[in-house]
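Peer 1: These two chains come separately, so use the hints to put the complex back together.
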Amino acid sequence: MKGWLLHHRQAAALAARRLAATPLNTLLGALVLGIALALPAGGEMLLANFQRLAQRVAATPQISVFMALDAAKGDVADVESRLRRHAQTREVRLVRRDDTLKRFKESEGLAEVIENLPRNPFPDAFVVVPRDEAPAALEAMRDEFAKYPRVEHVQLDSAWVKKLDALLRLTRLAVALLAAVLGVALVAVTFNTIRLQILTQRDEMEVSRLLGATDAYIRRPFLYFGALQGLAGGLVAWLAVLGATFLLRGPVGEVARLYGIEFSMHILPFPDTALLFGLAALLGWLGAWLSLSRHLAK
Amino acid sequence: MIRFEQVGKRYPGGIAALAELTFAVESGEMVILSGHSGAGKSTLLKMIPAIERPTHGAVVVNGQNVSALKRAAVPFLRRNIGMVFQDQKLLHDRSVFDNVMLPLAIAGVAVRDAGRRVRAALDKVGLLERERAMPVALSGGEQQRLAIARAVVARPAILVADEPTAHLDDATAADIAAMFHAFNQVGVTVLVATHHEALFAPYMTRRVVLSRGRIAQ
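The listed protein sequences correspond, in order, to chains X and S. In this text, residue positions in the first sequence follow full-length UniProt numbering: the first is 1, and each later residue adds one. In this text, residue positions in the second sequence follow full-length UniProt numbering: the first is 1, and each later residue adds one.
Only chain S is shown next, with the shape it has when bound in the complex (with noise of 0.2 angstroms):
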């Protein structure tokens, strides 16, 4: 599903952040990314929906080589990946409810399915109850569960996190684990990058550790 060939990454300046990196995932799997800071884990998961390109090498999600994809094709491929995001980039001047719904807006979805479909997606979350609220009213666990909702209310085959748990209590972060679980139990393909490793070890199918840019094991 997701395949890593001979991927390399150096940004201006000469700082390599990646260093042929090959390597895949294949549908259905639950992958945890681990390694230090600075291993390059958030730009290896930034190349998957094109946020960032290869210097070299290919990125191929679906059989589509994303690393040559057009500028303009861009858009339609980030439409069926869920991304949560290390600094959750919610919209903190609207509501749970229209975070979530900004997707489905985005892909054109019918008002009325797509109030269905945050409703959902917010309850499966367990913030159903907390829909008008705004986001900085949530707790740190709570905005983690909005981005998670947001990232999943599009029913994406893929889901690619960046510390979804940084920064939260270990009772928090364990519900967070749990989440993501039960999201690949019903075939997402997850992807997430995590310091916390053992948190997600009861149900990663695989770990790939990260040092410098290149997969230690």
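Pulled out of the complex, with its shape left as it was, chain X reads as follows (with noise of 0.2 angstroms):
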């Protein structure tokens, strides 16, 4: 057991120095590699980002219940009653159509468009918190509630977030695949490096194998360079994908104030950064390992 930690650690030494020997091959491998990762990485961040924002602004479901136009002071006073005494309603705010015109009157650019109108063109609304969030039920609600007298249209406003999810979803398929495009491109790239290595060191891998070096033995330290060349990688694209997110966070930020949501992009979460380390490691592995197989195998 001693023996086989001492060859562990003899082998990553030895990987390490053959890595610092050549800086430049180094650097140059771990960009490329680096470049390859960050595509994924980095969708993958703009995603966790999105699905962060996409359940905040959805963070409970509403039902919008818009009134006629015409509808009197009366019809209005009915259908919020109505709204109120409802077992399922878990709060009921009225917005009054006057409130609305002198809202969108505030609002820049906006202003003279409305300012043109010969009346308001807003009905009364009430904005609806049901108890009850199952998709079934809201939309039991929506068509309950547009029933209702003088009620010209319910909307629910989770809909958009149920698209959002499903075309995060499919943009989720997607970063997979382009990950695992890219994840053989690295594997790729590794079996070429490490057998360009091979044909350096084929005189210390002969003399081994002649001094009673298993293959294991040899195998190791090419191991090790795949593995520490593919973190390398890694961490060029962690930081590329770091470096994007601090510059992306401003003016994400004032996109998102716009539409009157607080929000601040976030780094790679951990388990995703755990995940692009372990994962750029493991295919710097196996590229080396496919590579040593097939020269040892002769």
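Mixed in with the good hints there might be a few duds.
[Said to hold, decoys possible] Below, simulated DMTMM-like cross-link-like pairs (lysine to aspartate or glutamate); rule was C-alpha separation at most 20 angstroms, straight line:
hint, chain 1, residue 1, chain 2, residue 2
1, S, Lys70, X, Asp132
2, X, Lys162, X, Asp132
3, S, Lys89, X, Asp203
4, S, Lys89, X, Glu204
[What the hints assert, rightly or not] Just a few of them, taken from the derived set where beta-carbon distance is under 7 angstroms, the chain X residues facing chain S:
hint, residue
5, Met1
6, His8
7, Ala136
If you are wondering where the hints come from, they were derived from the structure by calculation, not from laboratory data. This one's a predicted model, so the numbers in the text were calculated from it and none came from an experiment. Where is the CB? At the ideal position from N, CA and C, for every residue including glycine.
Peer 2: Written out as structure tokens, the structure reads:
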């Protein structure tokens, strides 16, 4: 066991020395791998942030109930009363058409358009927060509210979030496919790097074999080399994604504020960061293993 | 200790290197293997650590039939046999110290103990002062001594050498022959293939002459 651990320590040290002996090659190799890894890692970071944003915006689904434009005050009061008595409503907020008009008049760019309208185009509306957030319950409430007198339109505000969620799932699949393709590229790059290394270390490998080295002993430094190169690529990718996060944080926050949302982009979450480094090392190791197996089988 | 039983070796193309070879080397012997170029000396030596396998017959080392050994077991056999190769097979990008350290690193000997043993081996062959030198900076005789130090550092019971005095001047060759004798004196079984029989004559216990892959005497 001691000997085995010693072999691993020596192999790791030898691999690190080989990487350090050719700093330019190491840097270029890490950049190639890093750029390949940065694309899916960056995609994952964006997805994680948009998912967070979607969850925040739609933390609780709401139902908007719009009255007819010519609905009388009594009609509005009647619907309000029905909504407040309803067993499935948790919160009911009346948004009066005059308040809506006032808010739009205060909006930059819209004031002039609103001023020129002959009459208030906004209806009275209710924002209802339901107790049961299950999609079926929400849809049943929407259908019920639509039948109330003088109600013109009922809208489930979570519908767009569902669409966004489906879009995010699709994008996640695309990122996964991209990661798979670029993962194969990473294995191929490491395979080739190790193949070139084998050519330069052929004498040492032959002598080691003659002196009693097992295939595992010969393979080990190359596996560590592949894994370390993968890790270096992972580090480059992580730094690139980190840089992009900080660059995007300001502009994205500004756009979010325009929509009334307080949002700040987060860096790649820890599990994703660990996955990035782990996968990078594993793929480097795999490329080295394939290259060595091909050579040792000869 | 080493037994060749009806060993034959035929290379691809039908060239017979060894034919029906039967002989044994007992523990503690120093046997000199001689014969003309192409007589099969190197092939015979390479069969002991299973670098070459016989086409038929059996090579038995320490009671183990190495000709039937599985590939995975070969490295462990080689760790118990010191080999001095005809072309030395030194690593020219590693120092004298690191070259001798290699068999111990492969065997997983602890670094501290290994360092002590490397220095002892270098001391025995007179290279202790040159442990930091690179092989290319050594003379031909020193390179040969380095190859011997690497072969004995793991304290093998068997030492096999293929033309260890080739390309050396007489005085250096004599030193090398004496070195093998010294190892034999401490109990190492030595088998040397050489054209310089006279150099080893004072030390050898036996001589085996090969001719066209067969024992001539």
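Peer 1: For every hint, state whether the structure bears it out.
Peer 2: Here is what the structure says about each hint:
This hinted pair does not check out: Lys70/S and Asp132/X have alpha carbons roughly 70 angstroms apart, beyond 20 angstroms. For the suggested pair Lys162/X and Asp132/X, the alpha carbons sit about 17 angstroms apart, so the restraint of at most 20 angstroms is met. For the hint linking Lys89/S to Asp203/X, the alpha-carbon distance of about 8 angstroms falls within 20 angstroms, and the restraint holds. Distance hint between Lys89/S and Glu204/X is fulfilled; the C-alpha atoms sit about 9 angstroms from each other, no more than 20 angstroms.
The beta carbon of Met1/X comes no nearer than 10 angstroms to any beta carbon in chain S, farther than 7 angstroms, and the hint placing it at the interface is violated. The beta carbon of His8/X comes no nearer than 10 angstroms to any beta carbon in chain S, farther than 7 angstroms, and the hint placing it at the interface is violated. Nearest Cβ of chain S to the Cβ of Ala136/X: about 63 angstroms, over the 7 angstroms cut. The hint is violated.
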